[in-house]
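K.L.:
The residues making up each chain are set out below.
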Amino acid sequence: MSDATKVAAAASSRDPAVGLAAVASLRGLLESLEELQVSNARSQGWSWQQIAEALHVSRQAVHKKYRRYGF
Amino acid sequence: MFERFTGEARQVVVEAQEEARTRAADEIRTEHLLAAIYIVRDNLALAVLDELGVEEADVLRDIDRLHAGSPRALDAEALSSIGIDLDEVRRQVEEAFGPGALDRTRAALGGRSGGLFGHIPFEGPSKKALELSLREALHLGHDHIGAEHILLGLVHTEGGAAHHVLAARGVRLEPARAVVEKLVRQRKAAG
Numbered sequence: 001m002s003d004a005t006k007v008a009a010a011a012s013s014r015d016p017a018v019g020l021a022a023v024a025s026l027r028g029l030l031e032s033l034e035e036l037q038v039s040n041a042r043s044q045g046w047s048w049q050q051i052a053e054a055l056h057v058s059r060q061a062v063h064k065k066y067r068r069y070g071f
Numbered sequence: 001m002f003e004r005f006t007g008e009a010r011q012v013v014v015e016a017q018e019e020a021r022t023r024a025a026d027e028i029r030t031e032h033l034l035a036a037i038y039i040v041r042d043n044l045a046l047a048v049l050d051e052l053g054v055e056e057a058d059v060l061r062d063i064d065r066l067h068a069g070s071p072r073a074l075d076a077e078a079l080s081s082i083g084i085d086l087d088e089v090r091r092q093v094e095e096a097f098g099p100g101a102l103d104r105t106r107a108a109l110g111g112r113s114g115g116l117f118g119h120i121p122f123e124g125p126s127k128k129a130l131e132l133s134l135r136e137a138l139h140l141g142h143d144h145i146g147a148e149h150i151l152l153g154l155v156h157t158e159g160g161a162a163h164h165v166l167a168a169r170g171v172r173l174e175p176a177r178a179v180v181e182k183l184v185r186q187r188k189a190a191g
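As given, the protein sequences belong to chains R and B, one line each in that order. Just so we're aligned: 31 in full-length UniProt numbering is position 31 of the first sequence, and the numbers increase by one with no gaps anywhere. Just so we're aligned: 72 in full-length UniProt numbering is position 72 of the second sequence, and the numbers increase by one with no gaps anywhere.
Worth flagging that the hints you see were computed from the coordinates, not collected in a lab. Because the structure is a prediction, the values reported are computed rather than measured. Each residue gets a CB set at the ideal place from its N, CA and C atoms; glycine is no exception. Treat the hints with care, since some could be wrong.
What the hints assert, rightly or not - A few chain R residues that don't get close to chain B, going by computed Cβ distances all over 10 Å: (1) R14; (2) S25; (3) S32; (4) E35; (5) R42; (6) W46; (7) W48; (8) A54; (9) V57; (10) R59.
Said to hold, decoys possible - To give an idea of the chain B side of the interface with chain R (calculated C-beta under 8 Å), a few residues: (11) L74; (12) D75; (13) A78; (14) S81; (15) I82; (16) Q92; (17) V93; (18) P99; (19) L102; (20) A107; (21) A108.
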């Protein structure tokens, strides 16, 4: 089973406790990974515009979210 | 509002901030103030709790439990149910970014507003508890606000977790007030 299929399977889990806990943890993991990658990109000289394009979000959104961290 | 706080009471407020930071909370909550009373040690609030038969270990364990279900903690079991091996993700991330990288992000430490060094705001019930500590002192005719009045403020503030932790150990406002009144009187007589 591919990862995407597994995600789809759990997302449709009939037990809300399992499904929701998985979604919550996935969101937490996503936030941590995004922060690490944005920080790394900035320290390698990437512009906010480049980072935004890679993340498929607007430059304003990514800048607003991370500038306060001093990246 | 902190002018009339004793050195002890100020220390409780400072330690509460430290407690919130240690627990990766984005606000200083009433349970952090309660835990701080135990960190500061020598204070009248501890004598009051002692007199009321409240065990330190029970209170601290209850406070720990409040934080146990933190939504920010990554749940390895839940992630494995969707085919994600958290240990493997952590291993790969640490290979690229160093030991502890995944668990040291601001997202993992809990909060966009908190961070490691930033100012942590008081949540509503904490502010209320500190305001009520002033009112409790006035009510008892005391001209200072000590740790014991902060304790009364915490018991008084029903919207805060500290109220419920203490209520579960049998602490009620009126008897607690009576003990504070007695101990302050005794201390004055002795000093």
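K.L.:
With reference to the structure, classify each hint as holding or not holding.
P.N.:
Results for each hint:
For R/R14, the requirement that its beta carbon stay farther than 10 Å from each beta carbon of chain B is met, with the minimum near 12 Å. For R/S25, the non-interface assignment is contradicted: its Cβ lies about 4 Å from the closest Cβ of chain B, within the 10 Å cut-off. Its closest Cβ contact with chain B, about 4 Å, brings R/S32 to no more than 10 Å, contrary to its assignment away from the interface. In this structure R/E35 is not separated from chain B by more than 10 Å, as the shortest Cβ-Cβ distance comes to only about 5 Å.
With a least beta-carbon separation of about 13 Å from chain B, R/R42 lies farther than 10 Å from that chain, consistent with its non-interface assignment. Every CB of chain B lies more than 10 Å from the CB of R/W46, the least distance being 16 Å, so the non-interface label holds. At the 10 Å boundary, the C-beta of R/W48 stays outside the reach of chain B, the nearest C-beta of that chain being 17 Å off. The claim that R/A54 lies off the interface holds: its Cβ sits roughly 16 Å from the closest Cβ of chain B, which is beyond the 10 Å cut-off.
R/V57, annotated as away from the interface, keeps every beta carbon of chain B farther than 10 Å; the closest lies near 16 Å. No Cβ of chain B approaches the Cβ of R/R59 within 10 Å, the least distance being about 19 Å, so the stated non-interface status holds. At a threshold of 8 Å, the smallest CB-CB gap from B/L74 to chain R is about 5 Å, leaving the interface hint in force. Checking B/D75 against chain R by beta carbon gives a least distance of about 4 Å; that is within 8 Å, so the hint holds.
Hint status for B/A78 relative to chain R: holds, with the closest Cβ pair at about 4 Å, below 8 Å. With a cut of 8 Å, the hint placing B/S81 at the interface with chain R holds, because the nearest CB-to-CB distance is about 5 Å. The beta carbon of B/I82 comes within 4 Å of a beta carbon in chain R, closer than 8 Å, and the hint placing it at the interface holds. Evaluation of the B/Q92 hint against chain R yields a violated restraint, the C-beta minimum of about 10 Å exceeding 8 Å.
Proximity of B/V93 to chain R holds as hinted, the smallest CB-CB distance being about 7 Å (cut-off 8 Å). Using the Cβ-Cβ criterion of 8 Å, the hint placing B/P99 at the interface with chain R is not satisfied: the shortest such distance is roughly 13 Å. Annotation: interface hint on B/L102 holds; nearest CB of chain R at approximately 6 Å, less than 8 Å. Checking B/A107 against chain R by beta carbon gives a least distance of about 4 Å; that is within 8 Å, so the hint holds.
This hint holds: B/A108 has a C-beta 5 Å from the nearest C-beta of chain R, less than the 8 Å allowed.
Hint compliance for this structure: hints 2, 3, 4, 16 and 18 are broken, all remaining hints hold.
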